[in-house]
Amino acid sequence: MRLGPRPAALGLLLLCAAVAGAGGADELHYPQGEHRADYDREALLGGQEEVDEYVKLTPEEQQKRLKSIIKKIDLDSDDFLTEGELSLWIQMSFKHYAMQEAKQQFVEYDKNNDGSVSWDEYNIQMYDRVIDFDENTALDDAEEESFRQLHLKDKKRFEKANQDASPGLNLEEFVAFEHPEEIDYMTEFVIQEALDEHDKNGDGFVSLEEFLGDYRRDPTANEDPEWILVEKDRFLNDYDKDADGRLNPQELLSWVVPNNQGIAQEEALHLIDEMDLNSDRKLSEAEILENQDLFLTSEATDYGRQLHDEYFYHDEL
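Under full-length UniProt numbering, think of the first position of the sequence shown as 1, with each following residue one higher.
The hints are simulated quantities; they were obtained by calculation from the structure and are not laboratory data.
Below, simulated DSSO-like cross-link-like pairs (lysine-lysine); rule was C-alpha separation at most 27 Å, straight line:
hint: 1; residue 1: K160; residue 2: K103
hint: 2; residue 1: K282; residue 2: K95
hint: 3; residue 1: K156; residue 2: K111
hint: 4; residue 1: K67; residue 2: K282
hint: 5; residue 1: K56; residue 2: K71
hint: 6; residue 1: K95; residue 2: K153
These numbers were taken from a predicted model, which means no experiment stands behind them.
Model the full assembly from the supplied sequences, consistent with the hints where possible.
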């Protein structure tokens, strides 16, 4: 759904995208089915500077901040963390860091510091120049035409995110442009953009054939390749909830928007499976501290990053 190379939306969100797609990242994350904690830390602590900062925290300070985070996750204050509480916390973390990243980008894109990002400023930040394509004139070169189409899609999203009469995007509108999946008034646009791309016969739905795109089965092959079998399974079992053989707009949304809820639930279950010492399917503070390293290499603490962000560990917040 995005155009061209953009600054990474945090290792956290990149991992979400990887998990939601084909299993390349999973093979690194779970080699031979074994969870590799150092992959989590490498993927989500960020650059070397953040890793160095993490190392500098004393064990006492780590534990102090971790206890504060545990209390915040425990919504009903019963001294236990359930699957639901862990999942909600992880989803909140996803959204928080997505919004923080967009706010940081806003400053970089706003070249004249007027509190607004214009379309020209966006182009300069992305491509080092202002690009202007004719909406009605296709280009002969296939690669250039593909880029033109993507650029026009970005321009439409930019215009949709703009809610007031000013020509540029304020901070809230820029967040909507960068993360339309997180903003209610952008939902219709996200669905329509997906239909424009995949609904080839214009019936307002995406069939299995349209879902698979340009794939054509090799007539000499006895069966479809593994990746097609996986995609068919996702279509039938993950997205087509009413089992009518096609994706309606809401089902389509669950495909094109990263399923943070599902990822968060899986991680919550993983933590309980690994750390629940008395098999009551919830985690006490003692169980978490007993497995502190595992908890700090999980999405529950954004792989330790939350210990450096007062938004999460500060008692007054």
